[in-house]
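Protein chains in written order, with our numbering: chain A, 1 to 259; chain B, 260 to 553.
Bear in mind the hints are in silico, worked out from the structure with no lab data behind them. Just so it is clear, the structure is predicted and the values come from calculations on it, not from any experiment. By construction, the Cβ of each residue, glycine as well, lies at the ideal position given by its N, Cα and C atoms. Keep in mind that a hint or two might mislead.
As the list claims (entries may be wrong) - Derived DEER-like restraints, expressed as beta-carbon distance ranges:
1) A:120 / B:384: 56 to 62 Å
2) A:18 / B:297: 40 to 46 Å
3) B:370 / A:113: 52 to 58 Å
4) B:331 / A:251: 20 to 26 Å
5) A:125 / B:384: 22 to 28 Å
To be verified - List of simulated lysine to aspartate or glutamate pairs, EDC-like, C-alpha gap at most 16 Å:
6) A:92 / A:254
7) A:92 / B:508
8) A:257 / A:94
9) A:257 / B:342
To be verified - Looking from chain A toward chain B, a few residues come up when the C-beta cut is under 7 Å (computed):
10) 7
11) 19
12) 89
13) 100
14) 104
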Amino acid sequence: MTRPATAPFSRMLLAQTRSELRMRWRIPAFSVTNLALPIVFFVFFGLPVAHLRRADGVSVGAYLLASFGAYAVGNVMVYGFGIGVANERGMKIDRLMRASPLPPLVFMLAKVLTALVFALLALLLLIGFGVAVGGIQQPPSVWAAVVARLLAGSLPFIALGFSIGYVSGPNGAPAVANLIYLPLSFASGLFVPLGQLPDFVQALAPYLPSYHYAQLAWSALGAGSETLGTSLFWLAGYTALFLTIAVRAYRREERAKFG
Amino acid sequence: MSPVVELRAARKRFGEVEALKGVDLAIRAGELVAILGPNGAGKTTSISLMLGLRRPTSGQARLFGLEPADRRARSRCGVMLQESGTTAVLTVRELVALFRAYYPSPLPTAMAITLAGLDAKAGARAGTLSGGERQRLYFALAVCGDPEALFLDEPTVGMDVEARRAFLSSIRTLSAAGKTIVLTTHYLEEADQLAGRIVVIDRGVVLADATPREIKSRVASKRVSFSVGAPLTETTFTGLPVRNLELADRRVRLLSPEPETVLRALFERGVAIGDLEVTGADLEEAFLSLTARP
Numbered sequence: 001m002t003r004p005a006t007a008p009f010s011r012m013l014l015a016q017t018r019s020e021l022r023m024r025w026r027i028p029a030f031s032v033t034n035l036a037l038p039i040v041f042f043v044f045f046g047l048p049v050a051h052l053r054r055a056d057g058v059s060v061g062a063y064l065l066a067s068f069g070a071y072a073v074g075n076v077m078v079y080g081f082g083i084g085v086a087n088e089r090g091m092k093i094d095r096l097m098r099a100s101p102l103p104p105l106v107f108m109l110a111k112v113l114t115a116l117v118f119a120l121l122a123l124l125l126l127i128g129f130g131v132a133v134g135g136i137q138q139p140p141s142v143w144a145a146v147v148a149r150l151l152a153g154s155l156p157f158i159a160l161g162f163s164i165g166y167v168s169g170p171n172g173a174p175a176v177a178n179l180i181y182l183p184l185s186f187a188s189g190l191f192v193p194l195g196q197l198p199d200f201v202q203a204l205a206p207y208l209p210s211y212h213y214a215q216l217a218w219s220a221l222g223a224g225s226e227t228l229g230t231s232l233f234w235l236a237g238y239t240a241l242f243l244t245i246a247v248r249a250y251r252r253e254e255r256a257k258f259g
Numbered sequence: 260m261s262p263v264v265e266l267r268a269a270r271k272r273f274g275e276v277e278a279l280k281g282v283d284l285a286i287r288a289g290e291l292v293a294i295l296g297p298n299g300a301g302k303t304t305s306i307s308l309m310l311g312l313r314r315p316t317s318g319q320a321r322l323f324g325l326e327p328a329d330r331r332a333r334s335r336c337g338v339m340l341q342e343s344g345t346t347a348v349l350t351v352r353e354l355v356a357l358f359r360a361y362y363p364s365p366l367p368t369a370m371a372i373t374l375a376g377l378d379a380k381a382g383a384r385a386g387t388l389s390g391g392e393r394q395r396l397y398f399a400l401a402v403c404g405d406p407e408a409l410f411l412d413e414p415t416v417g418m419d420v421e422a423r424r425a426f427l428s429s430i431r432t433l434s435a436a437g438k439t440i441v442l443t444t445h446y447l448e449e450a451d452q453l454a455g456r457i458v459v460i461d462r463g464v465v466l467a468d469a470t471p472r473e474i475k476s477r478v479a480s481k482r483v484s485f486s487v488g489a490p491l492t493e494t495t496f497t498g499l500p501v502r503n504l505e506l507a508d509r510r511v512r513l514l515s516p517e518p519e520t521v522l523r524a525l526f527e528r529g530v531a532i533g534d535l536e537v538t539g540a541d542l543e544e545a546f547l548s549l550t551a552r553p
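Just chain A, same shape as in the assembly:
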């Protein structure tokens, strides 16, 4: 036989990613939450103080844009993967996909690419809003560094999303995602600078993944409080932890559903 045995990887990945992008765009629970929510929060918490300067001379507006940027990317990952995966399990989409020739790796990779596109879009909208409406100024190279670091460092939140998606059911996932991600963001100083939070939260923050994640963005502005190595070390640790949970839950389900 002359026809190839399997479809080319690139064609499958392209088609799958295009479909994932369409799906996400058409579900307002994803698209609106992912793209608009960080801007809404920034209007309340960031704009009123955007003109101030921190003690280290960094613009408060830029600092908060970086904070909300970290929140926005984590939001895309935790909700997108958490609720998305739980929903697909609930709708038994996994069963049809399992029987198709699509490799699970391509399925996952398309989801990650899609989430990265949405995260990028969320960051561009948020920063664009801050620059246009808040008059917040930074050299383009600094904004580029903030965006690049936040996208590259988002792995632990992808893993967290997957673990939520595989541990909880379609009805529980939104609640679980909210209960984990909102307090995490708050306690890491993403909404309100850490200095203004209660002492026990300040003591807790350096152990949280979103704290070290935001450090990636803050240090791009010169406002970080730890070395890049420390941030990456913590983020790698949390990635390993969340991935372990996700893989265990995935395997448990595999045995039950496809054993």
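We have chain A already, so just place chain B on it with the hints.
Here is chain B on its own, set in the frame of chain A:
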């Protein structure tokens, strides 16, 4: 040439329940096979093993001579599953275009949609389709890769009469084009009309594996009764396919897998027949007697 699908002494246990108790089945290229059985008989479990969606507890499953989960095997199969969903927000055309991309040499999108009879709904989102339309969408997804083998698990559930007729005709077309087709159904009529081979399965055991005609004749026959002008003797029926012959006065009762043959022969032998009744014993009765619970 190795069979397209093969189950060898396949057993599947779910906890305490043994869903399949040692099934042997080989399906060759080009066959159209109906797996027939009541709900909970093990039909879906059988298909799941064939497709590598489940692993046999013991025994073996092979698809195109490969491990069923092998992508090279999967790339030659289209499937329609029970209890599987798809995203609600993509349109029929978008979903078919997506599934095409999974296969090495797929059909054109429009052709797959036409085959499934969904032209009028090509632009509709999957979430807005009726139950029967959704089944046809899954059919389009199954055929769009132009696979050599189709696995259809209860494909006509939820279809109305018209849709079912169109669907069955599509299946015949594909079968005529040389596709191997395995479908499960609990509609006897469907199996009878479509398949060249019926595998009757119940409680995890294959009860019969034969042509519809053989199955009908094996387990039940037509009940024929008529009256005659003058009493007959058993010699009148010599060489005819009859069983349970009862000759009471001028009334004759018998069972036959081929009542037409019997009656034609009797006419030819000059027997005057009146008050003829031919009843029952269609595939449904055959099926019921095969799967009868004690």
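Structure-based check of all given hints:
The beta-carbon spacing between residue 120 of chain A and residue 384 of chain B, approximately 27 Å, falls outside the hinted interval of 56 to 62 Å. Under the hint 40 to 46 Å, the C-beta atoms of residue 18 of chain A and residue 297 of chain B, about 43 Å apart, fit the expected range. For the hinted restraint 52 to 58 Å between residue 370 of chain B and residue 113 of chain A, the CB-CB distance of approximately 30 Å leaves it violated. One distance hint, 20 to 26 Å for the beta-carbon pair residue 331 of chain B and residue 251 of chain A, holds here, with the actual separation near 25 Å.
Restraint check, residue 125 of chain A to residue 384 of chain B: a C-beta distance of roughly 26 Å satisfies the suggested window 22 to 28 Å. This hinted pair checks out: residue 92 of chain A and residue 254 of chain A have alpha carbons roughly 13 Å apart, not beyond 16 Å. Between residue 92 of chain A and residue 508 of chain B the alpha-carbon distance is near 65 Å, which puts this suggested pair outside the 16 Å criterion. Of the supplied pair hints, the one linking residue 257 of chain A and residue 94 of chain A holds, its CA atoms being roughly 10 Å apart against a limit of 16 Å.
Distance restraint check for residue 257 of chain A and residue 342 of chain B: the Cα-Cα separation of roughly 12 Å lies within the 16 Å cut-off, and the hinted pair is therefore satisfied. Evaluation of the residue 7 of chain A hint against chain B yields a held restraint, the C-beta minimum of about 5 Å falling below 7 Å. Because the closest C-beta pair between residue 19 of chain A and chain B is about 5 Å apart, less than 7 Å, the hint holds. Proximity of residue 89 of chain A to chain B is violated relative to the hint, the smallest CB-CB distance being about 10 Å (cut-off 7 Å).
Hint status for residue 100 of chain A relative to chain B: holds, with the closest Cβ pair at about 5 Å, below 7 Å. Because the smallest distance between the Cβ of residue 104 of chain A and any Cβ of chain B comes to about 10 Å, over 7 Å, the interface hint for this residue is violated.
Of the numbered hints stated above, those contradicted by the structure are hints 1, 3, 7, 12, 14, listed in ascending order.
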